[in-house]
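Engineer: Listed here are the chains, written in short residue letters.
There are 2 protein chains.
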Amino acid sequence: MPRPQLHRETLVEQGLKLFYARGFNAVGINEILEATGAPKGSFYHHFETKGEFGLAVLQLYYDLHMEFMRRYLKPESMTPKQDIEAYFQAIIRKFKRNGFTQGCMLGNFTVELADADPVSRERLDAMFEGWAAALAEGIARARQLGEIRNRTDALKLSIFVLSGWEGALLIARARRSAAPLDAFLTTIFNQVLV
Amino acid sequence: MPRPQLHRETLVEQGLKLFYARGFNAVGINEILEATGAPKGSFYHHFETKGEFGLAVLQLYYDLHMEFMRRYLKPESMTPKQDIEAYFQAIIRKFKRNGFTQGCMLGNFTVELADADPVSRERLDAMFEGWAAALAEGIARARQLGEIRNRTDALKLSIFVLSGWEGALLIARARRSAAPLDAFLTTIFNQVLV
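Chains as they are written, first to last, in my numbering: chain A, 1 to 194; chain B, 1 to 194.
In short, the hints are calculated from the structure, not lab data. Incorrect hints may have been included.
As the list claims (entries may be wrong) - Footprint (simulated), chain A over chain B, 3 or more residues, beta carbon under 8 Å:
#1 14-28
#2 52-64
#3 113-126
#4 148-159
Since the model is a prediction, treat every value here as computed from it, not as a measurement. Glycine included, each C-beta is placed from N, C-alpha and C at the ideal position.
Looking at chain A on its own, in the form it has when it is part of the complex (with noise of 0.2 Å):
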């Protein structure tokens, strides 16, 4: 009897796991088969290469960070700078409960495949773009309230915290330290976002 064809989820969800522990490059296609036990030709029903399958892993990343990220950033709080604080310090507990690994995999799948594959950067810089411009809702909503006043654009200041929170994350991760983290609080909520 033939096995049921595996869910293109459940390969998606193993390939989150598998890419976010150890990276695009370094887990091959069939590592993710033997780890969901399916059959070479389910993979290849629903993917046709690697890439493709990498773009759908990416996208459930994505899925799920922004909606983690509505958890923090509501649209009508009265509190919105602390918000923003809450949702990176959320974010500050999971990376220290995992050891100081894995990191954002926007960054690493950015390492890895933007100068190499033109879709997988397009789709990379779209993403940037989304994640950018939901902070920059959250900025906007807390100096229309004044709890901050710093007068630059908020696109460009939002631009701004999130290339100082993934380099943090990334010398975090090397350092095995949360000192660029708490540098990066400590200077983004007392110094820019003011």
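Add chain B to chain A, keeping to what the hints say.
Structural biologist: Below, chain B alone, put in the same frame as chain A:
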């Protein structure tokens, strides 16, 4: 007649080109050998593993970068803040010439190796520390001369600046846009190092 044994440096220089262009995991030892025309024995005469070779490549990258940095940040300078800005602007020019690719090899190796290989992670940790210390000297000097009044600890500030830098480079690479780097320069030099 046996081929002359290829010099260690030639291998490491070739590794730097290939790993920087395409990443550590995407480039195999055989490709390095083909690019240099070296026989396999020559490689294993110098390096026991690909990981050991990767560390030599990373060290060369770091040494070259620190040499480059010292051309901008000089201990006796009377304009340390301007020198720091000129240093970042010079890397941005290089990065633009390379079509917004490659980024920073410390960041790239962190993504690919920090979680999987403790020896690489420790080396990256030490390199980020050395780099931050060099920048902190410039910041401390700028403070002595009254160019910077921000009283945050110089090393903390320096880690914040380098985080912002690493992340801006990463996002600029995904977006093929100088906007994150411009946001970095504007905010760091007008709001943080002030």
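Engineer: Next step is simple, just say for each hint if it's right about the structure.
Structural biologist: A quick look at each hint next to the structure:
1. 14-28: holds (count 5)
2. 52-64: Our answer is that it is violated, as 0 residues pass the Cβ test (under 8 Å) against chain A, missing three.
3. 113-126: It holds, with 6 qualifying residues against the three required.
4. 148-159: holds (count 5)
Taken one by one, the earlier hints fail for this structure only at number 2.
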